[in-house]
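If you want the building blocks of each chain, they are given just below.
There are 2 protein chains.
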Amino acid sequence: MAEAPLLQREMDRVRAEIDALFEELLAPPADPRARLYEAMRYAAIGGGKRLRPLLVVAACALFHADRSRALRVAAAVECIHVYSLIHDDLPSMDDDELRRGKPTVHRAFDEACAILAGDSLHALAFEILADEATHEDPFVRIELVAELARAAGPAGMAGGQMMDLNAAAAGLDLPGVTRLQQLKTGALIAFCLEAGAIMGRLPVEGRTRFRGYARDVGLAFQIADDLLDEEGSEARTGKRVGKDRDRGKETFVSLLGRDRARQQAELLVRQAIEYLDRYGAEADLLREIARFAVERDH
Amino acid sequence: MAEAPLLQREMDRVRAEIDALFEELLAPPADPRARLYEAMRYAAIGGGKRLRPLLVVAACALFHADRSRALRVAAAVECIHVYSLIHDDLPSMDDDELRRGKPTVHRAFDEACAILAGDSLHALAFEILADEATHEDPFVRIELVAELARAAGPAGMAGGQMMDLNAAAAGLDLPGVTRLQQLKTGALIAFCLEAGAIMGRLPVEGRTRFRGYARDVGLAFQIADDLLDEEGSEARTGKRVGKDRDRGKETFVSLLGRDRARQQAELLVRQAIEYLDRYGAEADLLREIARFAVERDH
Numbered sequence: 001m002a003e004a005p006l007l008q009r010e011m012d013r014v015r016a017e018i019d020a021l022f023e024e025l026l027a028p029p030a031d032p033r034a035r036l037y038e039a040m041r042y043a044a045i046g047g048g049k050r051l052r053p054l055l056v057v058a059a060c061a062l063f064h065a066d067r068s069r070a071l072r073v074a075a076a077v078e079c080i081h082v083y084s085l086i087h088d089d090l091p092s093m094d095d096d097e098l099r100r101g102k103p104t105v106h107r108a109f110d111e112a113c114a115i116l117a118g119d120s121l122h123a124l125a126f127e128i129l130a131d132e133a134t135h136e137d138p139f140v141r142i143e144l145v146a147e148l149a150r151a152a153g154p155a156g157m158a159g160g161q162m163m164d165l166n167a168a169a170a171g172l173d174l175p176g177v178t179r180l181q182q183l184k185t186g187a188l189i190a191f192c193l194e195a196g197a198i199m200g201r202l203p204v205e206g207r208t209r210f211r212g213y214a215r216d217v218g219l220a221f222q223i224a225d226d227l228l229d230e231e232g233s234e235a236r237t238g239k240r241v242g243k244d245r246d247r248g249k250e251t252f253v254s255l256l257g258r259d260r261a262r263q264q265a266e267l268l269v270r271q272a273i274e275y276l277d278r279y280g281a282e283a284d285l286l287r288e289i290a291r292f293a294v295e296r297d298h
Numbered sequence: 299m300a301e302a303p304l305l306q307r308e309m310d311r312v313r314a315e316i317d318a319l320f321e322e323l324l325a326p327p328a329d330p331r332a333r334l335y336e337a338m339r340y341a342a343i344g345g346g347k348r349l350r351p352l353l354v355v356a357a358c359a360l361f362h363a364d365r366s367r368a369l370r371v372a373a374a375v376e377c378i379h380v381y382s383l384i385h386d387d388l389p390s391m392d393d394d395e396l397r398r399g400k401p402t403v404h405r406a407f408d409e410a411c412a413i414l415a416g417d418s419l420h421a422l423a424f425e426i427l428a429d430e431a432t433h434e435d436p437f438v439r440i441e442l443v444a445e446l447a448r449a450a451g452p453a454g455m456a457g458g459q460m461m462d463l464n465a466a467a468a469g470l471d472l473p474g475v476t477r478l479q480q481l482k483t484g485a486l487i488a489f490c491l492e493a494g495a496i497m498g499r500l501p502v503e504g505r506t507r508f509r510g511y512a513r514d515v516g517l518a519f520q521i522a523d524d525l526l527d528e529e530g531s532e533a534r535t536g537k538r539v540g541k542d543r544d545r546g547k548e549t550f551v552s553l554l555g556r557d558r559a560r561q562q563a564e565l566l567v568r569q570a571i572e573y574l575d576r577y578g579a580e581a582d583l584l585r586e587i588a589r590f591a592v593e594r595d596h
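Note that the protein sequences, when read in sequence, are chains A and B. If you use the working numbering, the first sequence corresponds to residues 1 to 298, in order. If you use the working numbering, the second sequence corresponds to residues 299 to 596, in order.
The set of hints was computed from the structure by calculation and includes no laboratory data. Treat the numbers as computed from the prediction; the structure is a model and nothing was measured. Take every hint as true, because none was put in to throw you off.
Derived coverage of chain B by chain A (criterion: at least 3 residues anywhere in the stretch with Cβ under 8 Å from a Cβ of chain A; other residues may be distant):
1. 333-340
2. 383-392
3. 407-418
A short list of chain B residues far from chain A (calculated; beta carbon distances all over 12 Å):
4. Leu-304
5. Ala-314
6. Arg-365
7. Gly-498
8. Arg-505
9. Arg-543
10. Gln-569
11. Leu-574
Glycine included, every Cβ here is placed at the ideal spot set by N, Cα and C.
All chains should be built: construct the whole structure from the sequences, respecting the hints.
What follows is the structure, given as structure tokens:
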């Protein structure tokens with residue numbers, strides 16, 4: 001499916017900018033920790049769609065936050081996302097061999113190194129946010145830290161992964177799968193948008209519709225992921241496909257069927273875009289990201 | 299060895315206060331994440347010397363910071379310490395079966411649950427610090443976050459653990475072991491003291507001597523740990539002993555011999571106490587903690 005020029009251009013730009021920032025943040029030291037940094041770099045640099053950084057940058061732009069600062073927040077979110085991928089891929093978790101088209105970190109390095117690389121990226125995320133280069137106002141920085149910690153922890157991503165590990169046994173229904181995904185992937189995606197509002201000092205009472213966009217895009221993205229897991233190719237997605245079905249896990253696709261799942265995702269995208277109707281062309285990138293969530297093939 | 303009454307009293311008090319705070323922070327939810335919270339509670343509540351929380355509370359008291367706030371910082375540090383123990387004990391890391399006198403988290407639960415419990419405690423530490431209940435001034439909170447993230451990450455604890463994993467192969471000398479321990483355990487201990495200075499708004503230029511205390515106590519504590527690993531009993535330490543020797547790792551004891559290692563630790567403790575000479579009786583608890591670092595049998 002053709003990506004819109006604006007989206008493609010911004011994706012390429014953010015990808016290059018995030019890689020450059022990670023090159024700077026993850027310069028390997030000349031001591032025995034070099035291998036740890038190599039593992040962090042292997043996982044963090046040069047891969048992925050950078051959907052979350054793109055969302056942060058787009059949301060920050062909408063509220064006129066400085067781009068170089070927005071990129072630091074984007075890198076912090078990506079640190080959390082990448083750490084979660086490293087840990088989720090471990091043998092005792094999802095036991096995956098392939099990620100972003102190359103061997104997972106524990107296979108390219110070793111398990112201990114993978115665990116530590118994840119832990120290090122986790123800490124680095126908060127170090128980045130706390131640095132005054134991210135924003136001169138400590139109120140802004142501490143709000144970012146509070147929201148990211150909540151989104152990443154047991155009330156968010158880590159809690160969702162725990163629910164996911166139990167999912168095959170639990171035999172979840174549609175509300176159960178929805179709740180699981182809202183924690184596992186939705187919380188961090190919601191943070192990306194919230195970060196824009198925080199950086200742009202949007203008052204809390206003005207964030208409701210913006211949060212609606214985040215919630216719907218997050219869910220649409222996950223339904224599309226489930227469809228790709230059924231229909232996609234390993235070559236395009238860069239990871240093993242069909243694995244949820246193999247593990248007997250309920251997904252949006254197993255519960256709704258492909259057609260209804262696709263309709264649901266498209267409905268969510270239309271809804272997400274409606275939440276942006278008070279904005280003009282300055283929200284076009286967010287609109288295109290919403291469409292991309294379901295139109296992508298990877 | 300008899301513990302001084304002041305130290306014993308404060309240790310017991312902090313232990314009870316930290317347990318009560320964790321009971322509150324880790325109330326299990328009524329959903330499939332309950333098992334994750336159970337694992338976090340299993341690791342965090344009711345065990346350990348609580349040396350780090352005690353250091354935070356003692357340092358905060360010296361600078362007249364409110365005790366209930368100090369306890370929140372203490373709990374954040376303990377979250378980081380406990381997460382590191384959970385991950386370090388994993389089969390692919392140190393592969394330990396016993397911790398604080400009971401089975402390690404991955405043995406009492408399972409490996410995936412242990413990894414996620416560690417990750418969750420890691421995020422929770424920053425959530426605690428970022429909450430305004432920790433301090434009303436966002437400058438104070440963001441400085442705590444910045445310093446803790448640095449102490450926990452690849453430039454601190456996680457980096458030190460990586461060096462430790464390579465230590466058997468690397469054949470470290472005394473400066474190498476010192477550097478490893480300064481990262482692996484020293485950085486977090488130094489944060490405990492620094493947190494007191496931050497909470498008490500001690501200007502950065504006034505912290506030099508205080509940092510000297512932290513560095514020397516941290517190192518003395520580690521040398522004593524190496525001695526206990528050689529001489530201590532599993533029943534008293536609550537963990538396997540003799541493991542560094544079994545793994546062919548150089549320690550302060552293997553490099554210096556027991557007698558010189560003990561002398562070195564005692565010298566460091568005297569030095570640490572000298573750094574406190576501008577303070578009166580209000581620093582007695584910190585003096586007793588320094589002595590305890592080398593006089594303990596667990």
